[in-house]
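Model the full assembly from the supplied sequences, consistent with the hints where possible.
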Amino acid sequence: MSSASATAPAVLRPRKEARHRDLRRFLVQRLGTGVVLLVGITLVAFVVTHLVPGDPAAANLGQRAIGNPAAVAAFRHQYGLDRPLPVQYIVYLKDLLHGNLGISEQSHRPVLTDLSEYVPATIELALFAIVLSMLIGIALGIVAAVFRDRWLDQFIRIVSLAGVSMPVFWIALVAFYLLFFKLGWLPGGGRLDPTQNNPAHLTGLFTVDAALHGQWTLFWSALRHLILPGLVLAIYTVGMLTRFTRASMLEIMGNDYVRAARLKGLPERVIVLRHVLRPALVSIITVAGVAFGSLLSGTVLVENIFSWPGVGQYAYRSAINLDLPAIMGVSLFVALVYIVVNLIVDLLYGVIDPRIRLS
Amino acid sequence: MTVAAPAPLEPPATAVVDNARWRRLRPDTPLPWRRPLALAGLAIIGAWAVMALFAPLIAPDNPLAQNFATLRPPSGAHWFGTDELGRDVFSRVLFGARITLPLAVILVIAAMIIGAVLGGIAGFFGGWVDNLIMRIADLVFAFPGIILALAVAAALGPQLRNAVIAVIVVSWPAYARLVRSLVLSARSSQYVVASRLLGSSGLRVLFIDVRPNAAGPTLVLAALDIGNAVLLLSGLSFLGLGAQPPTAEWGAMVAEGAQNFSDWWVGMFPGLAILTVVLAFNFIGDTLRDMLDPRTARAVRV
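Protein chains in written order, with our numbering: chain A, 1 to 359; chain B, 1001 to 1302.
All the pointers check out, no bait thrown in.
The following label-pair restraints were derived from C-beta to C-beta distances:
#, chain 1, residue 1, chain 2, residue 2, range
1, A, Pro84, B, Leu1184, 36 to 42 Å
2, A, Leu348, B, Gln1159, 39 to 45 Å
3, B, Gln1259, A, Leu43, 33 to 39 Å
By construction, these hints were calculated from the structure, which means they are not laboratory data.
Every residue, glycine too, gets a C-beta built ideally from N, C-alpha and C.
Written as structure tokens, this is what we have:
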């Protein structure tokens, strides 16, 4: 980087340095709000899970142990549930600073260990689904905007409305029944065939790890396992992105400069892709960020159906067993994803539209 | 100075409910209830409402009655087949409408009222009240809906009522944000300033002068939100955190279908019921949104 700036014309250097300073300030600011959000999320999760009548002892101890007051007291003591709530929260935050998320009450393992096992699976699934839905959704949205109010637009509108109206747990079942049970085209669950071993751990994303090790049969299998849950997850976000892409494209097409470009005789393809899509992308990626959040919601339902060993299933198991440390851990993961996604979206703004670069 | 200048045209947002004014403002756009999509939505919802209302008369069987003919495929006697306990799936789907439709409407109205009141207060009073309310709304927003709802529903105990509460908990921030932004833009408008100068209290201005202008977009958001509420509620039931057996609830019925997935009809028809209801509400909501002016529509869109 420094050698590049040394060869750059001297006039440009101060501006570049200023931009780096801006970037640094922006990132520090982002880090600050991120920490506030993380603390806020833990607080919400803590309040929700602790102030309600559910009793973790009842949910985690066996029938006989519940009848035994000593066992219940021991359980409550072991997980610090016998201390006053504010103290419990402070203790949690203190442990958190040491990277200790507590011990899961159902798996009896550190929550961090559990999460490090499940997070990559969910990330792989969600990334696959979001890339898929951005490709399909933006393409459909462009077509709909170009053919505004014609039958193709109406058709896409109904398709995208159907997408956001689809109960994901039901379409997952239908896809499972048709593509796995009846036709046998795709595997029905899990991340790999039962006979296959996981690729050596690098990123935890099986497709990436297998590809990096050149294990192509494994890669192919991992990819095939991704398709069914990934497609099902993407249905909602495709609908969402299609509708939004169409709307923001149309909004920009109404601008004078687009009319000017048309009068200038530019080919329609150039107008649509360069003069309309690019500015529209700014708001589209904002929605893509929101869409990623709703994908995470979907994983809870989809992972359960396709026995995908990810955070969604873990969240579900923790919630029904009132496994408080695990629920808190999942909330932290969710908050972290939210922060990272927003950061990426903000940085992409600058890439797409130089005018709003870090302002 | 004798004649006051004519009031500027109000935002067309409110025109959603006013026929004549609508035509004056947007002569080129057909009325919302003349558009095929909205009509189709209304027809489907109407059909479901009729089926829910007269379910005991239409249904061929008691939705809870168990028979020996278990897991039979659809036939003349059982149009949608029977489930693992021999109950008639068609009757159960019909009775399911009596649970989903009213609950969805109730919970969206509750979320709308809570969100609108909090958002209105936040927007009108500003300052630390605004900060407090909107930061809480942001936190709830940051959570993916079902994960927070899951935690709430699980903590309160698996019950239909608690699932409804959970959905309300995750739905209100959208209304709070929208109403706050509408109130903020109305607060500086002349009719509000005039009302304040006439000595109206803050609350009076909020409810008498600002409310009618915020009502249109908020109702559109509610129409769009009903579909999501149905999805979330049936999703919770699917996970076993909502309606408990033997209640004939669509999400729970799809879950039964998941357990007997080779007998496709058990889960297929209740799922189709959810899809049609949500789709119909979205048809209506989407058409109504097109009627809003573009600036407000953007706030409603996501």
